[in-house]
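Enquirer: Here the protein sequences line up with chains R and G, keeping their order. Residue numbering for the first sequence follows this note's numbering, starting at 1 and increasing by one per position. Residue numbering for the second sequence follows this note's numbering, starting at 1 and increasing by one per position.
These aren't lab readings, by the way, just hints derived from the structure by calculation.
Partial selection, computed: residues in chain G whose CB lies under 10 Å from chain R:
1) Thr38
2) Tyr40
3) Thr60
4) Gly61
5) Cys99
6) Arg101
7) Ala102
8) Ala117
9) Gln121
10) Ala123
11) Gln177
12) Gly291
13) Arg293
14) His330
Covered by chain R, per the in silico footprint, the following chain G stretches (three or more residues, Cβ under 8 Å):
15) 27-34
16) 41-55
17) 332-338
The C-beta atom is built at its ideal place from N, Cα and C for all residues, glycine as well.
There are 2 protein chains.
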Amino acid sequence: MPPVALAVSALDPDAPGLARYARWLGVDTLESLGERETPYVAGTGPFAGLSFKVEGLQPTGSFKDRGSATLVGRLSELAVGHVVEDSSGNAGASLAAYCARAGIAVRLFVPESTPVAKLRQAAVHGAEIVRVPGPREAAGAAAIEAAETSGEVYASHLWNPYFTRGMSTFAFELWEQRHQQAPDAVVIPVGAGTLFLGAYQGFLSLREAGLAARVPRMFGVQVEAFAPLARASESGSKQAANVAPATSAADGVLVANPPNAPAVLEAARASGGAIIAVSEAALWDAHGLLGVRGLFVEPTSAVAAAGALVLRSAGVLVSDAETVVVLTGHGLKSAASRPGSG
Amino acid sequence: MPPVALAVSALDPDAPGLARYARWLGVDTLESLGERETPYVAGTGPFAGLSFKVEGLQPTGSFKDRGSATLVGRLSELAVGHVVEDSSGNAGASLAAYCARAGIAVRLFVPESTPVAKLRQAAVHGAEIVRVPGPREAAGAAAIEAAETSGEVYASHLWNPYFTRGMSTFAFELWEQRHQQAPDAVVIPVGAGTLFLGAYQGFLSLREAGLAARVPRMFGVQVEAFAPLARASESGSKQAANVAPATSAADGVLVANPPNAPAVLEAARASGGAIIAVSEAALWDAHGLLGVRGLFVEPTSAVAAAGALVLRSAGVLVSDAETVVVLTGHGLKSAASRPGSG
Numbered sequence: 001m002p003p004v005a006l007a008v009s010a011l012d013p014d015a016p017g018l019a020r021y022a023r024w025l026g027v028d029t030l031e032s033l034g035e036r037e038t039p040y041v042a043g044t045g046p047f048a049g050l051s052f053k054v055e056g057l058q059p060t061g062s063f064k065d066r067g068s069a070t071l072v073g074r075l076s077e078l079a080v081g082h083v084v085e086d087s088s089g090n091a092g093a094s095l096a097a098y099c100a101r102a103g104i105a106v107r108l109f110v111p112e113s114t115p116v117a118k119l120r121q122a123a124v125h126g127a128e129i130v131r132v133p134g135p136r137e138a139a140g141a142a143a144i145e146a147a148e149t150s151g152e153v154y155a156s157h158l159w160n161p162y163f164t165r166g167m168s169t170f171a172f173e174l175w176e177q178r179h180q181q182a183p184d185a186v187v188i189p190v191g192a193g194t195l196f197l198g199a200y201q202g203f204l205s206l207r208e209a210g211l212a213a214r215v216p217r218m219f220g221v222q223v224e225a226f227a228p229l230a231r232a233s234e235s236g237s238k239q240a241a242n243v244a245p246a247t248s249a250a251d252g253v254l255v256a257n258p259p260n261a262p263a264v265l266e267a268a269r270a271s272g273g274a275i276i277a278v279s280e281a282a283l284w285d286a287h288g289l290l291g292v293r294g295l296f297v298e299p300t301s302a303v304a305a306a307g308a309l310v311l312r313s314a315g316v317l318v319s320d321a322e323t324v325v326v327l328t329g330h331g332l333k334s335a336a337s338r339p340g341s342g
Numbered sequence: 001m002p003p004v005a006l007a008v009s010a011l012d013p014d015a016p017g018l019a020r021y022a023r024w025l026g027v028d029t030l031e032s033l034g035e036r037e038t039p040y041v042a043g044t045g046p047f048a049g050l051s052f053k054v055e056g057l058q059p060t061g062s063f064k065d066r067g068s069a070t071l072v073g074r075l076s077e078l079a080v081g082h083v084v085e086d087s088s089g090n091a092g093a094s095l096a097a098y099c100a101r102a103g104i105a106v107r108l109f110v111p112e113s114t115p116v117a118k119l120r121q122a123a124v125h126g127a128e129i130v131r132v133p134g135p136r137e138a139a140g141a142a143a144i145e146a147a148e149t150s151g152e153v154y155a156s157h158l159w160n161p162y163f164t165r166g167m168s169t170f171a172f173e174l175w176e177q178r179h180q181q182a183p184d185a186v187v188i189p190v191g192a193g194t195l196f197l198g199a200y201q202g203f204l205s206l207r208e209a210g211l212a213a214r215v216p217r218m219f220g221v222q223v224e225a226f227a228p229l230a231r232a233s234e235s236g237s238k239q240a241a242n243v244a245p246a247t248s249a250a251d252g253v254l255v256a257n258p259p260n261a262p263a264v265l266e267a268a269r270a271s272g273g274a275i276i277a278v279s280e281a282a283l284w285d286a287h288g289l290l291g292v293r294g295l296f297v298e299p300t301s302a303v304a305a306a307g308a309l310v311l312r313s314a315g316v317l318v319s320d321a322e323t324v325v326v327l328t329g330h331g332l333k334s335a336a337s338r339p340g341s342g
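Please construct the entire structure, taking both the sequences and the accompanying hints into account.
Expert: Here it is as structure tokens:
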């Protein structure tokens, strides 16, 4: 990818949504489903003083659309007609939607155990679903093997740099919504870390270009039951910790050893942030507190809100720190509800 | 409500989303969940030449948020603390979300038979759900009775003029996205007709103010199995036809005798449009065609896309008519899928 120099004059004032940032991303084309900037709203009640960035209002209901719009734009430029990907979650649904818009066929490799309901959105968008026996990693291996034998492109949200680069639009958009200022801190759920890393790189670019005075402290949040990056962050390790498989309502953060792990840990450390973990009870508490204040989010998103409350009560975030909590997916994305609640 | 004179100078350039139109709506305050303008995107494939307005990207996933933001803003001005409403669908979820944001308690009266899953979103937003035995009308009667005996405000999406007025923002926003021009035709699913009527009134206001040269032909779409307004439109009646109860995947259009029926029929006639009906098969065909082009919509929304194809193939809409099809709700809103498909 070409190096990118950020200048306000390179923003396209007439392009809506992500296309506005095409030249900042160093791409010629973004695919579009009409996405606009996502809401930036003030928290109330226990969240007073915090702000929320509501990424669930991207077209497919999650932040992944930033990466898909950028990656699929590039695939279109290259006249790619078929891709493979492995994801049973929001990334698969998002890639399927943008590829459908672009006329690119998608084969999606998923673990055999994935419930049909979770694959519905990708299926509506015409993705061919290929079920692979064994653990999550087997689906990834099958996708790569398919790409190697068929010549289809491996359009991986985990590995493709255009996907991560698209995540930088999160930083650019927030900076514009805040009248060209970066916040003091950003709190994000972290699984594979594409948004965490892409946002960090976006903020770095803004500072390097002299457009922002600081890079926010970057805080990532996982769940206590499964916290490979939080454990590593706590111990100062540069690699994800080995942890036993576990379940959580926050399925988006259950990623064992993502390729970005060392970079995510370094971004957290270098920015003065950290990766932390919250309990399943804290997750559901935050989910409920958001809901009764008008914000319906995926359980995965609730970990960021829970994490922000923990960081504040621990004094890591002082009360006047300008803190942005990222609500990564819409509540309509998940059928999960608090155990025992009905 | 005060009469409103539209002037471009009265638009608030700094207010995001719906608040931009406060003075055009004649209100001081709108409640906000950070909503932005919804996408306006070109159709592809069989929809080439049509455009879509993607209302499913309002905060709660449906167009109802336009009405809720306006109505709840007014309730807040009046320092209302408790409201009642009757809706088991998108209107109830939307009102619950905006009232939650405003700190207004909601009691939602629903038919006893309503599935729990359909009430989940309103429940997350803290609405108290009151189940009422009998048909849909019994829930409405119970809400009105509760309001009369308790002094709570009946915040009805069907009856409250602020709710309908909020729908005018659909016309204003589309007019701005089209560089201050109204389209030739608009195609909308019609149940109670609040969006149909609010949009029509918005376009009328724009023309009266000299800001638009025309009012679009307004086409409403229902399903053949239950088409009280389409039957009336066909026969030239000024009242909704009596039709037998029926089911459809497009549950949003299954409204028997809405208060707005005469006004909706008159708006369709006066604008040179009509209310039509499409088959359940056509609905699902359109749902599938949208999906494989990147647009995942509620079955109710698919009736508008199906209706637009019918109007074009019948020659009612000529191919160069600038036609906007309203996709009223996000696909994530509904768990329904085509019978026999899965």
